[in-house]
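S.K.: Which chain is which? The protein sequence lines are X and B, in order.
Heads up, the first sequence is in the working numbering, so the first residue is 1 and it goes up one at a time.
Heads up, the second sequence is in the working numbering, so the first residue is 1 and it goes up one at a time.
In short, the hints are calculated from the structure, not lab data.
The beta-carbon is built from N, C-alpha and C at its ideal position, and this holds for glycine as well.
Check each hint, because a few of them may be wrong.
[Unchecked claim] Covered stretches of chain X, going by a simulated chain B footprint (3 or more residues, C-beta under 8 Å):
hint : region
1    : 184-197
2    : 395-405
[Said to hold, decoys possible] Calculated cross-link-like contacts (lysine to any residue; reagent style SDA-like; alpha-carbon spacing at most 20 Å):
hint : chain 1 : residue 1 : chain 2 : residue 2
3    : B       : K57       : B       : Q9
4    : B       : K123      : B       : E134
5    : X       : K329      : X       : A397
6    : B       : K80       : X       : R212
7    : X       : K163      : X       : F90
8    : B       : K112      : X       : S108
9    : B       : K117      : X       : L184
10   : X       : K163      : X       : Y237
11   : X       : K320      : X       : N409
12   : B       : K112      : X       : R112
13   : B       : K112      : X       : L187
14   : B       : K123      : X       : P7
15   : B       : K112      : B       : L125
16   : B       : K112      : X       : S186
17   : B       : K230      : B       : P29
18   : B       : K117      : X       : K329
19   : X       : K320      : B       : I144
20   : B       : K112      : X       : Q213
21   : B       : K80       : B       : S4
22   : B       : K54       : X       : E202
23   : B       : K57       : B       : K112
24   : B       : K117      : X       : F8
25   : X       : K329      : X       : R396
26   : B       : K54       : X       : R112
27   : B       : K54       : X       : S210
28   : B       : K112      : X       : P28
29   : B       : K80       : X       : E202
30   : B       : K112      : X       : R212
31   : B       : K54       : X       : R212
32   : X       : K163      : X       : P28
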Amino acid sequence: MPALLGPFGIWIVCAIVLAVMPVIFSSPVSVTIMNQMGISIVFALSYNMMLGQGGMLSFGHAVYFGLGGFFSVHVMNYIEVDGWPIPLPFLPFIGGLFGLAFAIIIGSFSTRRAGTVFAMISLGVGELIAACSIIFVVFFGGEEGVSGDRTMGPPVFGTEFLKEIEVYYLTAVIVFVAAALMYLFSLTPAGRMANAVRDNPERAEFVGYSQRQVRFMSFCASGFFAGIAGGLFAINYEILTEENLNLTTSGWVLLMAYIGGIGFFIGPIVGAVLLTLLQTVLSNHTELWLLYVGLLFVLTVMYVPSGLTGLMMMHGPAMKAGRLGQLAKPYMIAGIPLLVALAGGVAVLEMLNHYNNAPVGDNVAHFFWMAVDTHNPANWAVALAVTAIGAYTTYRATPQVREAWAEANDFSEKGGDR
Amino acid sequence: MSASALSLQGIRKDFGETQIIRGVDLEIPAGERHAIIGPNGAGKSTLFHLISGKYSKTGGRIGLNGEDVTTLEPYAIARKGLSRSFQITNIFPRMTVFENVRCGLLWSMGLKYAFWKLVGRQKDLNERTSEILEMIGLTDRQAIPAGVLTYAEQRTLEIGITIAGGANVIMLDEPTAGMSASETDQTVELIRRVTEGKTLVMVEHDMGVVFDLADRISVLVYGEIIATGKPEEIRNNKAVQEAYLGEAPEEETETVGGAH
Chain X
1 MPALLGPFGI WIVCAIVLAV MPVIFSSPVS VTIMNQMGIS IVFALSYNMM LGQGGMLSFG
61 HAVYFGLGGF FSVHVMNYIE VDGWPIPLPF LPFIGGLFGL AFAIIIGSFS TRRAGTVFAM
121 ISLGVGELIA ACSIIFVVFF GGEEGVSGDR TMGPPVFGTE FLKEIEVYYL TAVIVFVAAA
181 LMYLFSLTPA GRMANAVRDN PERAEFVGYS QRQVRFMSFC ASGFFAGIAG GLFAINYEIL
241 TEENLNLTTS GWVLLMAYIG GIGFFIGPIV GAVLLTLLQT VLSNHTELWL LYVGLLFVLT
301 VMYVPSGLTG LMMMHGPAMK AGRLGQLAKP YMIAGIPLLV ALAGGVAVLE MLNHYNNAPV
361 GDNVAHFFWM AVDTHNPANW AVALAVTAIG AYTTYRATPQ VREAWAEAND FSEKGGDR
Chain B
1 MSASALSLQG IRKDFGETQI IRGVDLEIPA GERHAIIGPN GAGKSTLFHL ISGKYSKTGG
61 RIGLNGEDVT TLEPYAIARK GLSRSFQITN IFPRMTVFEN VRCGLLWSMG LKYAFWKLVG
121 RQKDLNERTS EILEMIGLTD RQAIPAGVLT YAEQRTLEIG ITIAGGANVI MLDEPTAGMS
181 ASETDQTVEL IRRVTEGKTL VMVEHDMGVV FDLADRISVL VYGEIIATGK PEEIRNNKAV
241 QEAYLGEAPE EETETVGGAH
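Please construct the entire structure, taking both the sequences and the accompanying hints into account.
M.R.: Given below as structure tokens:
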């Protein structure tokens, strides 16, 4: 379908999706979640300009996000108190400029080296700025942070951004533009050489490029877009706290990019959408949600280092050859027991958590639309048995999957059509 | 400084106490194909790294087209028109073959660090890339990641990246290492074609290739050049025969000489 619309097809489809999403998911809660997704998408994409495109592993990317956000919320307050005539839609751009300014300062020394040195400096700077945020109360507002009011600026086309849906459309437009710009950056000489330096910094030097300068440019661009994400955050939540620039947030953006797949432009988008869903929806259902996210991350690193997008893309050749059908049956045979095993595992974890943490006398855990007495050994036996049987059946089914996979991807003369 | 394409004056390199390059003087005029030969550990690759800026020099001066480049960074030397390949295949493995060659062209086509231009829109750039791919015979492999090419193809691509930028001094470090006889022949032909009108400096172990391609040869032994001259002069040089060529390679050179 996108192919029919020419080279811009996929972007047109994205724009339409962004436009109709709040019509389909119109409840205030879903609009809030989608706003959060938009912010995360820009943030994760900006992170991947460094990690996926430039080969720089950063543990302190929240610095640019957070500083962009703090400056935005301060500007928001100047708009309110001193009547600065800045319309709200420009605020993320201002956040971006501050993200860029700090990226220029920090990047000037941190991009000298890639690899471990870069990672350690990013960690140090992240820790430093997070510490500053507690010390400099005037700017960072101490523990309660800095809050503002987005509705006080000059109206834009009659809108004062009182309603969540208006904020959604503002966010959507900025997300779209920012994503398009980041994509275009990857197609410029600076963006292509970022890939080259990632692959082989030495060779890049011998074709005339300073690896440091190339990394510095990706770093600055990344800081700029992270600042935009921070500005969007300021608009959406009207408050910035120390939490927004500390190492937890830096780790979170790494998770989003990595789980989504750092080797693909859309990887971080997939990761941002998924993790925002887990963060907002799953966290309503279980207090163990962070544990599940952690497990998801570990499993991704171990089994699908190319991320969820990579997992989908792996099926490209088989799909082109029209052999996806061959995989359906083995996937079912292994997938259903896998789901059973996962459900059993989740049940065990939930029961364990409830058994340890529930107040005395409360013996009933609620999960999977069930009420389970955690003090009844029979329930434990069932949960463990379900897990074990599921895991064993999955294990037995894996050779079949492997075989089917090999067959579907065998493009030698006689292969595949058996 | 002379008008030589490449001029080395008293180049020295120490690693700690060890002297690896012990005063190399060499003038390579523009348009010459110059081979550097020598036994293992003579310091040939080190000399390459010194010339191309990968290593800093302990002493001496290097002139490139009359300009002093002794203390410049590799990228700065590359911008001045010296391009090199590596003994170990050194490409951009995750990028496509097309993009590998294009990376070699970007700077020389004036695109530098531009982040406001799309590479896809640069007609000259992409046409030139296609021409080079055609020249090195990798056109039908252009869309695949360079990391999955065969070894010989990767070596060919390496030469392609090296010559792409239009540098007038080309340095090739063992371009035919590890290749079969037929692959070697093809590569020699390729080198001959792509270095037409340019200055070539190469390190090579295959004497057939050396005597076939080189206008002049320098023999490096223990970090010093013991002889420089035309292939026949080198072949008949007593010191060289003693220090390096020995019995077996001499036979090889005889056959090559006979073929001429």
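S.K.: Look at each hint and say if it fits the structure.
M.R.: Hints and how they fare:
Counting residues of the region 184-197 of chain X whose beta-carbon sits less than 8 Å from any beta-carbon of chain B gives 11, enough to reach three: the coverage restraint holds. Residue count for the region 395-405 of chain X with a Cβ under 8 Å from a Cβ of chain B: 0. That is fewer than the three needed, and the coverage hint is violated. Distance check on the hinted pair: K57/B and Q9/B sit about 11 Å apart at the alpha-carbon level, within 20 Å; holds. The straight-line distance between the Cα atoms of K123/B and E134/B is roughly 16 Å, inside the 20 Å bound, and the hint therefore holds.
At roughly 11 Å between alpha-carbon atoms, K329/X and A397/X fall within 20 Å of each other, so this suggested pair holds. With a CA separation close to 19 Å, the supplied pair K80/B and R212/X stays within the 20 Å bound. Distance check on the hinted pair: K163/X and F90/X sit about 18 Å apart at the alpha-carbon level, within 20 Å; holds. Between the alpha carbons of K112/B and S108/X the distance comes to roughly 19 Å, so the proposed pair stays at or under 20 Å and holds.
The hinted pair formed by K117/B and L184/X meets the criterion: a straight-line CA distance of about 9 Å does not exceed 20 Å. Distance hint between K163/X and Y237/X is fulfilled; the C-alpha atoms sit about 12 Å from each other, no more than 20 Å. Of the supplied pair hints, the one linking K320/X and N409/X holds, its CA atoms being roughly 10 Å apart against a limit of 20 Å. Note on K112/B and R112/X: the hinted pairing holds, with a Cα-Cα distance of about 19 Å set against a maximum of 20 Å.
Note on K112/B and L187/X: the hinted pairing holds, with a Cα-Cα distance of about 13 Å set against a maximum of 20 Å. About 18 Å separates the Cα atoms of K123/B and P7/X, which keeps this hinted pair within 20 Å; it holds. For the proposed pair K112/B and L125/B, the alpha carbon gap of about 12 Å is at most 20 Å, so the pair holds. Distance check on the hinted pair: K112/B and S186/X sit about 15 Å apart at the alpha-carbon level, within 20 Å; holds.
With a C-alpha separation of about 13 Å, the suggested pair K230/B and P29/B falls inside the 20 Å cut-off, and the hint holds. In summary, the hint linking K117/B to K329/X is not supported, as the alpha carbons are separated by about 48 Å, beyond the 20 Å threshold. Distance check on the hinted pair: K320/X and I144/B sit about 17 Å apart at the alpha-carbon level, within 20 Å; holds. With a C-alpha separation of about 11 Å, the suggested pair K112/B and Q213/X falls inside the 20 Å cut-off, and the hint holds.
For the hint pairing K80/B with S4/B, the CA-to-CA distance comes to about 14 Å; that is within 20 Å, so the pair holds. For a cut-off of 20 Å, the pair hint linking K54/B to E202/X stands: about 9 Å separates their Cα positions. About 28 Å separates the Cα atoms of K57/B and K112/B, which puts this hinted pair outside 20 Å; it is violated. A hinted pair counts as satisfied when its Cα atoms are at most 20 Å apart, and K117/B with F8/X qualifies at roughly 18 Å.
Taken as a hint, the K329/X and R396/X pair is honoured in the structure, with Cα atoms around 15 Å apart against an allowance of 20 Å. Using a Cα cut-off of 20 Å, the hinted pair K54/B and R112/X holds, with the two alpha carbons roughly 16 Å apart. Distance check on the hinted pair: K54/B and S210/X sit about 12 Å apart at the alpha-carbon level, within 20 Å; holds. The suggested pairing of K112/B with P28/X is violated, with an alpha-carbon distance near 48 Å, which exceeds 20 Å.
The hinted pair formed by K80/B and E202/X meets the criterion: a straight-line CA distance of about 17 Å does not exceed 20 Å. A distance of roughly 14 Å separates the Cα atoms of K112/B and R212/X; the hinted pair therefore holds under the 20 Å criterion. For the given pair, K54/B sits about 15 Å from R212/X by alpha-carbon distance, which is consistent with the 20 Å threshold. Pair hint K163/X plus P28/X holds up; C-alpha atoms about 10 Å apart against a cutoff of 20 Å.
In summary, the structure is inconsistent with hints 2, 18, 23, 28 from the numbered list given earlier, while agreeing with the others.
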